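K.L.:
Take a look at the letters that make up each chain.
Protein chains: 4
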Amino acid sequence: MASNSFGTLLTVTTFGESHGPAIGCVVDGCPPGLELAPEEFRHDLERRATGRSRHTSQRREADEIEILSGVYQGRTTGTPIALLIRNTDARSKDYGNIAEQFRPGHADYSYWQKYGHRDPRGGGRSSARETTMRVAAGVIAKKWLAQRFGVVVRGYVSQIGTIVPAGFDLDAVETNPFFWPHAAQLDELERYMDALRKSGDSVGARVEVIADGVPPGWGEPIYGKLDGELAAALMSINAVKGVEIGDGFASVASKGTEHRDELLPDGFASNHAGGILGGISTGQRLRCSAAFKPTSSLRLPGRSLDIHGNEIEVVTTGRHDPCVGIRAAPICEAMVALVLMDQALRHRAQCGDVGEVTPRVPAQAGQGDV
Amino acid sequence: MASNSFGTLLTVTTFGESHGPAIGCVVDGCPPGLELAPEEFRHDLERRATGRSRHTSQRREADEIEILSGVYQGRTTGTPIALLIRNTDARSKDYGNIAEQFRPGHADYSYWQKYGHRDPRGGGRSSARETTMRVAAGVIAKKWLAQRFGVVVRGYVSQIGTIVPAGFDLDAVETNPFFWPHAAQLDELERYMDALRKSGDSVGARVEVIADGVPPGWGEPIYGKLDGELAAALMSINAVKGVEIGDGFASVASKGTEHRDELLPDGFASNHAGGILGGISTGQRLRCSAAFKPTSSLRLPGRSLDIHGNEIEVVTTGRHDPCVGIRAAPICEAMVALVLMDQALRHRAQCGDVGEVTPRVPAQAGQGDV
Amino acid sequence: MASNSFGTLLTVTTFGESHGPAIGCVVDGCPPGLELAPEEFRHDLERRATGRSRHTSQRREADEIEILSGVYQGRTTGTPIALLIRNTDARSKDYGNIAEQFRPGHADYSYWQKYGHRDPRGGGRSSARETTMRVAAGVIAKKWLAQRFGVVVRGYVSQIGTIVPAGFDLDAVETNPFFWPHAAQLDELERYMDALRKSGDSVGARVEVIADGVPPGWGEPIYGKLDGELAAALMSINAVKGVEIGDGFASVASKGTEHRDELLPDGFASNHAGGILGGISTGQRLRCSAAFKPTSSLRLPGRSLDIHGNEIEVVTTGRHDPCVGIRAAPICEAMVALVLMDQALRHRAQCGDVGEVTPRVPAQAGQGDV
Amino acid sequence: MASNSFGTLLTVTTFGESHGPAIGCVVDGCPPGLELAPEEFRHDLERRATGRSRHTSQRREADEIEILSGVYQGRTTGTPIALLIRNTDARSKDYGNIAEQFRPGHADYSYWQKYGHRDPRGGGRSSARETTMRVAAGVIAKKWLAQRFGVVVRGYVSQIGTIVPAGFDLDAVETNPFFWPHAAQLDELERYMDALRKSGDSVGARVEVIADGVPPGWGEPIYGKLDGELAAALMSINAVKGVEIGDGFASVASKGTEHRDELLPDGFASNHAGGILGGISTGQRLRCSAAFKPTSSLRLPGRSLDIHGNEIEVVTTGRHDPCVGIRAAPICEAMVALVLMDQALRHRAQCGDVGEVTPRVPAQAGQGDV
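Protein chains in written order, with the UniProt record's numbering: chain A, 1 to 370; chain B, 1 to 370; chain C, 1 to 370; chain D, 1 to 370.
These are computed hints drawn from the structure, not numbers from a lab.
These numbers were taken from a predicted model, which means no experiment stands behind them.
There's no promise every hint is true.
One copy or any two copies: either way a pair holds, since identical chains are not told apart in the list.
[To be verified] No farther apart than 25 Å at their CA atoms in a straight line, the calculated lysine to any residue pairs in the SDA-like style are these:
| # | residue 1 | residue 2 |
| --- | --- | --- |
| 1 | Lys255 | Asp201 |
| 2 | Lys198 | Leu264 |
| 3 | Lys255 | Arg303 |
| 4 | Lys143 | His117 |
| 5 | Lys198 | Arg75 |
| 6 | Lys143 | Gly352 |
| 7 | Lys198 | Ala184 |
When you get a sec, could you build the whole thing from the sequences and use the hints?
P.N.:
This is the structure:
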C-alpha cells in the first residue's frame, strides 16, 4: 500500500502540504448509515488547533471541514468519505528564507536527500499540519466505536518536560489547555511554560491514550497485532520517538510474578499488559503512550548547512509551540480510534460480529486498571 | 493484507504452530541473483535458539532450514522463497494440561475470546517459536543489505532486569551468551541470572538494534515512515511492550536545543534522532530499541481461570527462559533488517536506485553517534 | 486495501458521487521531479467528456482540475497528488424520481442490497462520472511513461454495435468523435448512431488499447501478472463485461502451432499473445481490449420494482449516451497507463532500473504485431 | 502486496517451482471452526490432475496434501493454513536441454528478460504446476461458502477448439473427462482429441464457472468490484487470454433494451449481466468464463532463439496436454470460490453479516438465468 494511506479495512489516505491550497483525506471503508455532519469535526479540530491557549502556537487556523463525498442526507453511504480543509492562514513569507536551508531536527535534510525536489513552505508535507486530517478521520472512528460498541477513547498529557502528574482524574483533562489529569498542577505548568517560552527553548511531552469498552478479541496475531498497529499509528505522528503499551519500558525491570496479570473470578487482578495479550485485546482498559520530542523550531540559533554545503545559522521566526506534544493528545486519540475501528472491522470479517462469538467468558467486573 | 504477512515489497508470511508439524515462511520480493544456501541460516538460528547457554531455555531445537522454492543453482530467482523447519522436539505432554486453562500473562485468554477454537500446545500460534522464521527471513535481508549497500545491522541487549551496561563495546556482543556489550559485567550477569532462576521468577530485557551504512533517503512520509515501520516490526515480536527510536522517551524531558541534531560540514553533531527525521533516514547510524516484558511462564504458581470460569492455579513445568529478552537480540535484528530492505526497495521504486539520486550532499564524516 | 484504491506502488484513490459537491482522486507514489500543470489534464478530460459530439451525451461537464497537493513550482514532489473537480452541472431534478426505484441494468438494486443507504442522484458513486478521475490520474501515468521510457499508450474503438473497422490507421483515431481507426467509415457510423438515437435504444462497443515501447520484463508472476492487473483495471470500468489480451477468446479455436509466437533473429514473428507471456511483457506491442455493454439508461420504458416491491416502469429522461463505450477509449487508455506505470515501479524495485538489467537480448526489429 | 499473494481478507500465497522440492500455499484469514482434513483436498486435486484420461497429460502426479498449520483437532483455528505437496514425479531430464532456450509461447523469454536468473526445469515458477495450490486453497473456500451461505461454485468446459456444447446439463459435467455439459457429444470430442493428438498440434478451450446461492450485496464499488476481482483471478491463471462476465463480448452487439435485466415481482427476467451490477452481486446466478490459449508445448518444431541469440528449433518431448484448458475447470472454479469468500468477508466487515442487513427485498423466485 502506498505510503500516505493507513489501515486495512478502514483506510485513511491523507494529502496536502502545510502551505499548499488545501489538506484533505479520504476515509474508505466506513460502514453505511452512520450520521455525520460537518460540524461534528469542529470540537476535535479545536482541541488540536494551535491558538487554543498562549502555551501553544499563536497561529490561528480556521479549520472548516467540507465533506466532499460519502455522506447523503446526513448519513454515510459506505462509499469513500472525502474531507477537505482549505489552507487560509498560510503566511509564506515566514518560511521563505529556508528553501535552501536544512533546519536542524526537521525533515528538510532527509526529504531533500530522498526526493531532491521538495516543498519547503512551512515544512511542506512533513508539517504537523497533516495531523489535522488524522484528527478529522478519528472523529468518524470515535463516533462509530462509541455508537456500535460503547468504546470511549481518551487522550491526555502525562508528562511535560520533567513534570509528571501528581494525581489522576480523567474528568480534569478536558478542563485545561494542557490536557492534564490533575488540576492542582495547572499553576505550576503555567509557570513552567512561561519560563520555557521566555528562554526560547522547548521541551517534549508524553501523551497517554486509554480506551474503555474494547471487547476482548480485537487484534490479529503476528504482524497485525493490535499493539503492533498502535505502535505504527503512534510512531507515525510527527515528533514521536517512542511508544509504550501498558507498562512499556518499565516492564524490563519488573518481575514475571508481578507483571503477569492474574485472572480472578471478578476479572483481571491488574493491567500491566495494557489490555493486550498476544496482540489481541483482553477486554480490559487499553493503555498506550507516546513520547514527543521537543520541537526543533526555536528562536535560539542552531548550526546547520544549506543545500550547497555552506555553514548557516538557523533561527525560526515563525509561530511555534514550545511543547508540540501538548496538542498531540487529540491526535494520538484519533490514531488509536482509527486502529481500533480497523481492528473491529477485521475482527468481524473473520470471526463474525460481536454477540455472535464474543464474549465467551466470565464478565470482567474488575479490570485491574492501573 | 492478511495478518500473518509483513512488508510491502519484501513480504514475509509466516505460518506454523509451536507444536504443529512445522513452521515456515514465504519471503516474496527478494531480487534475483542473491546467493543463498541452507547453511547460511544456521548461524542466526543458533543465536536465537534456546539451549545456547544455561541462562536460556534448556529445550534443544534442531532448527534445520529447508529451502523449498525460489532458489536455483544457489541463487535467488526473484520468485518466492519458502523456508521450512520441521518441529522435532515437541513434547506435547508438557503442555497437555493447559488446554482449558488461561495461563496468566499469555495469549491463551485473548485467543480463546477471539477464535473460540485454538491450538493450546506450547502456545500454538502465539508461541515465540514463530520468531524463528523471522530470524530466517532476516538472514536474507541482512545479506542483501550488506552486499548491495554495505548496511550492517546489529542487535544487543542493553538492559536485563535492573542491570544496564557499564561500558559499550560492540565487538563484545557476539562473544557472550547475553549479547552484552560490556564483557566486564559477565560475572555479574551470571550471578544475577542464577539467582533469578533459583527464585523461580523472571525479568524483562531491553534490546537495542543499530544499523550502520543506511543511506539517506530511505523511508516514506506519513504512514510508511521508517520509524513507524520499525515500531510495528518490533512491537509485533512476542513480549515487546515498548519501542524507542533514538533517544526515545528520554526526549520528553530534553530541551529542543539539545535534542535537535545540528548539521556541521563534517556531518551531524549528534544523533538524538536515531538517524531518522520526518520518517526518512538521514544517513546516520540508525538506533532503535525494544522493551521485553518478563516471561509469564513460571514455576511459581499464578491464579487464573479455566474456560468454564473455575478458579485455578497455574504452574509452568515446561522449559522456559527466565529472561526471554536475551535471545530476542537476533529477532529484533532480523525485523530491523526486513524493514530496511523493504524500504530500500520502496525507495528505489519511487526515487530510483542509489547513485542515481542519493546522496546529494556533503559527506557525513562524523555522524554524531551517541 | 480499501475498495476505492487501485495499484500497488502507484496508488490511485478516487472519491465522489455524480451529483455530490465534487469528485477527486489522490495519486500516491509518483516519482518526484515530473513537470505537471493543471492544463495538462484538459486534453484527455475533453476526450472523455460528454458533449464532444452529437453522438455522446449532450450534458456539458466543465471539468476543471485543481491540483491540491504534491506539486511545487510546477513539478511533482513525490508526495501525494490530490486532484479535485467541482460538480457544477448537476441537475438533480433529472434524477429525483428514482430515489426509490431500481433502474434495470443499473447498480441501484445491488447498491441498495449492500448498503441500504445510498445516494441515488445521478447514480451516486456508481455513476461513470467517477471515471473522470481515472482519466486525470492516467494523464500523469502517460506522461511519466512517455518521458521515462518512451512508452505510448493509445486507445481506440474497434466495434460499435455490429460495426467493425474495415481498415486500420492509428492516425485516424484522434480525428473523429468515434475514436475510430478507419476514416472511410465515418458516414456509416454517423447514420448508424442517428438511427440508434431515433429508436431510443443503445448498443455496446469494444475498445482496444495498445501500448508501444513497453520494455521486456514488466509484470510479475502469478497474481501480480501484467495481464491480470490489466484485466482488473479494465473490468473495473463501468459497463465493461469482458477483457481480452492479445487474441483473447479467438485463442480458443486457434491451434498451438499458429498461436505460439515464434522468436526470430529480428524479433517475434507474430503477436498473438498481445505482448505478454507468463504475465510479463515481452517487449512487443501490448494489446488488450474491453467489451462495453449498451447503456441501460433509455427513454424506452423498462419494467422494474421499487424498494417496496411495487412494479414500476422506468423511463430515463436525463441526458445519456446511446453508446457509452465510445468515450471510454480515453478511460481504458488511462487504466492501461496506470497499470504500466505501477508495474514499471514494481519492476525497478525488485530488478533495478531499466538499463541496469534489461534488455538482455537481440533487439526486436520486427515485433510481429497483428 | 507482493506478487504471489491473492486476496484482501482471505489471502492465498503460493510458492514453489515445477521441479523444485515442493509446492505449497499459505491460506490466511479463514474463519476459525471450519472442519478440514487432508483427504478433503483429494477430490479436486484429482479433478485437476494430469493423467485423468488419455486426453490429458500422461504424467502422473501424486498430489498428497500435507496440512502444516492452522488446523487443530480437525478444525481451522483462524491462524494461517499452510498446505504442502512434495514434488515426486519430476523427471528433470525431460527439460534439461531447454535451460538456454526460449520455448515459443512460453514465459522463458519474458522471465529471462525480467530476472536474468531463472529456474528452467519444467517451466519453473511459470509452470501450471502452481495452479495445484490454487485448487487446494479453493477447496477451503468452496467448503466455507457452501456451509455458511449455501453457495455452490461449478466449472465446466464450454468450448474445445471449434466445438461448442449442443446442449446444457450441469449434471453431466462431472461424469466425463472433458467437464462437458452435454453427454451426447462425448464421442465427437474423443475423436476430435484423438485427431489432434495425432497431428501433434493443440487447441484452446473456454471454461465457464457459475456460482449459485450468492446473496445480493457481495462485491465492492470501483476497484474492488466483484467482476474486477474475478477478472484478475481468472486472468492470472496460466494460458488465459480473455475473461467474460455474463454475456461478455456478446454485449457489444446487443441492444440496451435486450441487455438490461428487468426486475419483476418474482425476480429478474433475464441474466445478461451475469449476476453482477455495478460490481456488486444481485443475488442471481453468477456467470463468468475464461479463454485458454492452446498449449505451446508441441512435438511439432517451432523456431526460436537461445539466450545467445542463436536460431534454434524447439521440440517438446515431455508429456503435455493437447488442450490444457480442459483440466482448468477446477482451477477456474477454485479462483471464483476464493474471490467470493474474500468478498463475503469484506462484505460482513463493512456491512455486517448476512441476515443482519441483507437481503432486503422481494425474493428472487426466478433468477432469469440464461
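K.L.:
I'd like to know which numbered hints this structure contradicts. Please list them from smallest to largest.
P.N.:
As far as the earlier hints go, 2, 5 are violated by this structure, in ascending order.
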